[in-house]
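K.L.:
Chain A is fixed; fit chain B onto it per the hints.
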Amino acid sequence: MRVIVVGAGEVGSSIAASLADEHEVVVVDVDGDRVEALTYDLDVLAIEGDGAAIETLQEGGLAAAELLIAVTDDDETNIVSCGTAKTLDDVTTIARVRNTKYLDTWENAEGALGVDVMVGTNLLTARKIASIIGLPAARDVDSFADGTIQMAEFELAAGSPVAGQTVAEADRFDDLTFAAIICPDDEADCEEIVIPRGDTRLSAGDEVIVIGTDEAVTAFSHAVAPDDDYHDVLLVGGSSVGYQTARLLEQRGIRAKLIERDPERAQFLAESLPKTTVLEADATDRDFLESENIDAVDVVVTTLESDEANLLAGLFAKRLGADRAIAVVEEGSYVDLFETVGIDVAVQPREVAAEEITRFTREEHAENVAIIESDRAEVIEIEIDDESVFCDRTIQSAAADLPGGVVVGAIVRDGEFVRPRGDTVVHAGDHVVFFVEATALEETLAKI
Amino acid sequence: MNGHLRVDWRASLSLTGRVLLYLAVPLLLPLVTALLYGEGWMPFLATIVVTTLLGYGLSQLDDDRDIGAREGFLMVASTWLAVALVGTLPYLLAEHGTASTLSWPHVPNALFESMSGFTTTGATVMKNIGVEHHSHALLIWRQLTQWLGGMGIVVLAVAILPELSVGGAQLMDAEAPGPGIEKLTPRIAETARVLWIAYFAFTVLEMALLYGLHLAGFAKEMTLFNAISHGLTTLPTGGFSPEAYSIEVFSAAVQWAIIPFMVVAGTNFALFWGLVRGDPRSLLADEEFRFYTGAMASLTAVVTVVLFVGSSLPGTVGLAGVEQSLRHGLFQVVSIVTTTGYASFDFNGWSMTAQYLLLFGMFLGGSAGSTGGAIKMVRWLVIAKSIKRELFTTVHPEAVKPVRLGGRALDESAIRGIHAFTLLYIALFFLSVVVLMLDAGRIGMELQVLDGMSAIAATIGNVGPGFGAVGPMENYLSFPWTSKFLMVFLMWIGRLEIFPVLVLLTRAYWRS
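Here the protein sequences come in this chain order: A and B. Anchor point for the first sequence: position 62 equals 62 in my numbering, and the numbering is continuous, going up by one each time. Anchor point for the second sequence: position 413 equals 413 in my numbering, and the numbering is continuous, going up by one each time.
Isolated chain A (complex conformation) (with noise of 0.2 Å):
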């Protein structure tokens, strides 16, 4: 089919990338460098003009497309896109944005704004970063089956109990999986995503990737990790990403610390966050964050605008004493760095964004995908129909006709949990979270 993509900024290009080898992707862009780079980095067509112009969208064959994502870094240019978009063709429209009144309004009237999906970029970092805070070892978690499922994936510390355990040792969690193990690139015997065994190793510094049930993961969270309890969270930062983020842990019952230093900013959050406490203040400011008892902090989440201090502000409180540190950083090329330096979790908000939106424009029956380690693997949830592979079959015999690398991680049947085994029969209308590598996406989806 053919896809419009709205900006070519990282969002745009990540997804223009990631759809280029299926589909006719058209590009769009004001910047004519940004446009003339993109001609030759994927094989795209690459149009600069304004994408909320009817001749832009015109010229980029709109007549002929089915979806228009519109990603650039204003809201108000994708909303209208989307809403131009709708008016001349009957196209499928997803929308970047985020401001979250936008997605309020949407979310109140579906289908508003000529917008068919609407992506809200900082409400979904905060989301990202809340079950993160949920999560306290994890690196990164995702839900599928309307939240029954969780995959979260750990970084095996050299003291955590499971490390140096094989996985059958480990596997104590009857609504667990193990999908895959990561080790870390610098070691140069285990570069590859490892398919678990039960008599795999697993060894500190491994990276662990887990699907199950909330309760389960939880579990295994405070196994790998005992004396992880965040009770208490410091937010550095009152921009939208911070806020939205009070919001959530207050309705988990968290009761963070927010920093904010505008003092009119500041009044704004204290009035609108009621669990909250939001301290008017510096957030270097070593004699205040002291007196507030910064060693005490289990986690410091850095949501301020810039991604140089938000650094700065994670490994100081980091310093000082807190725990552990989660930092907002907008430039995707800094995500190494930070976790290398000594952030905990990076969390890159256009990264949030391209993974919801490929989600979209995934095969018609993936529900949800997960991005697993810069596109070395993916979650996918599917539901299975009467052609899949899986339909009627037991896991074990389906898997001998799929390629290598794929882990059937959990299956939901009308809402409840049921335990992927060997001998687990799949049938039509389950929801399956599969674990894919990368090599092995395009086989295996055609098949489930």
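Warning: the hint list may mix true and false statements.
[Unchecked claim] Cut-off 27 Å, straight-line C-alpha distance, at most; resulting in silico cross-link-like pairs (DSS-like, lysine-lysine):
| id | chain 1 | residue 1 | chain 2 | residue 2 |
| --- | --- | --- | --- | --- |
| 1 | B | K401 | A | K101 |
| 2 | A | K275 | B | K385 |
| 3 | A | K275 | B | K388 |
| 4 | A | K101 | A | K86 |
| 5 | B | K401 | B | K388 |
| 6 | A | K275 | B | K401 |
| 7 | B | K127 | B | K220 |
| 8 | A | K318 | A | K275 |
| 9 | B | K401 | B | K385 |
| 10 | A | K275 | A | K101 |
[Unchecked claim] Only some residues are given here: those of chain B computed to face chain A with a beta carbon under 7 Å:
| id | residue |
| --- | --- |
| 11 | E398 |
| 12 | A399 |
| 13 | V400 |
| 14 | P402 |
| 15 | A409 |
Quick caveat, the hints were computed from the structure, so don't treat them as lab data. Nothing here was measured: the structure is a model prediction, and the numbers come from that model. In this text, a Cβ means the ideal position worked out from N, Cα and C, and glycines have one as well.
P.N.:
Structure of chain B alone, referenced to chain A:
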């Protein structure tokens, strides 16, 4: 001189005149009562004539009744003063009245009784109450003044005078108890009407219930006259009763029946609007309502225990003692806290502990938007919350912590206003106690400090009875006329929540 004034006092007084004109209508009730009972009706006809003439005269002052905030304060203050003055006429003219004569010593008494009625205070200077000593018509007039004053004469005016559609919100703001008004409907006149309809409906309901108890044989003394009379003074949290011994003369059934109506009277009437519109949770979800009922429940629990243990009541043994302690404890706490001022028992005989608890209750008051007086629950709630915030910010100096009411953050200026009001209220209380004690001493009247304090708290808070010399079965007659004027003033400013009257005394109000 006129050119320098920033206040269009003609417009204000003209509106006051309009209200007086309308006051002539309810005066028909005592007139009809007099005719029914074959009593002297001339005093009431004379009052109607005087009220109408005065009202007409004032209303002719200005036909451009364009009012702003300043005119609003003057209009509200002068209206309450005017109705209280006109309201003295029946007392001065009636054959069996307080005074029955226009001679000097009776003028302050009549004014006291009239102001106490309209402000729903319920303090009385009548030595002998009851139909044996006064005409039914005069007693009904006394009850009626409370009913008219309860929801607010100005609120009533806003409901029925179309020219107040614009300035009405300011007028109601100046008059209505509690900080700020809540617009229930887009049109202010509609809001005022809703409030009065709810008020009227509850009044009729209570009258029917009380008379129903009589018909059912549970209340011998609750005649139709008494049922109507008490219906007229419960909902305005007034407290006047045509019976000398107030609610004590009635059966336990009547006492229990009156309690919920006093609770209703002290509740924000806007909440009933939510109830009518099919949202029953609006009542329980309201923070002030929970605080109001919670405060009364806790105070009742303490008073009940004090009464039971202290055996202040006859028959305080066994279950009868428990029922009596609870009934009188609850009745008196609700009556005092809502500033109704009925008495189911002569609490002068109670222990000092119980009496001090009631004195404390006199400062609590009903909810904002109710007919109750005193400082009001919402103010105490906000003060409690802001103290809690102070404690928190002592530990966390950088914390930004708005004070929330019902989930909404309050404006700092509103909090300052509440602190200022409460401080001023308490300062006026102490100042007035000193003046009263000095004045009583001047004529050699023996006045206990607790009695004097209760007299001031009861008048500025529109409660009614106090303790000792001004206890529920006593009266305010023995005070010197100077003290009576002081208390008339306190009732007046207490009903209007001090500021609307006090601003009239500032230079800034009259000049730019």
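K.L.:
None of the hints should be skipped; say for each whether it holds.
P.N.:
Now for the hints, and whether the structure bears them out:
1. B:K401 to A:K101: Given that 27 Å is the threshold and the Cα spacing comes to 24 Å, the pair holds.
2. A:K275 to B:K385: The hint holds at about 15 Å.
3. A:K275 to B:K388: 15 Å, holds
4. A:K101 to A:K86: 21 Å, holds
5. B:K401 to B:K388: 10 Å, holds
6. A:K275 to B:K401: Satisfied, since the Cα-Cα distance of roughly 10 Å is no more than 27 Å.
7. B:K127 to B:K220: At roughly 25 Å apart (the allowed maximum being 27 Å), K220 (chain B) and K127 (chain B) satisfy the hint.
8. A:K318 to A:K275: Answer holds: K318 (chain A) to K275 (chain A) is near 24 Å, not above 27 Å.
9. B:K401 to B:K385: Answer holds: K401 (chain B) to K385 (chain B) is near 11 Å, not above 27 Å.
10. A:K275 to A:K101: 21 Å, holds
11. E398: For E398 (chain B), the interface hint holds, since the closest Cβ of chain A sits about 4 Å away, which is under 7 Å.
12. A399: 5 Å, holds
13. V400: 4 Å, holds
14. P402: 5 Å, holds
15. A409: The hint holds - A409 (chain B) has a Cβ within 7 Å of chain A, the shortest such distance being about 4 Å.
When each numbered hint is compared with the structure, no violation occurs for any of them.
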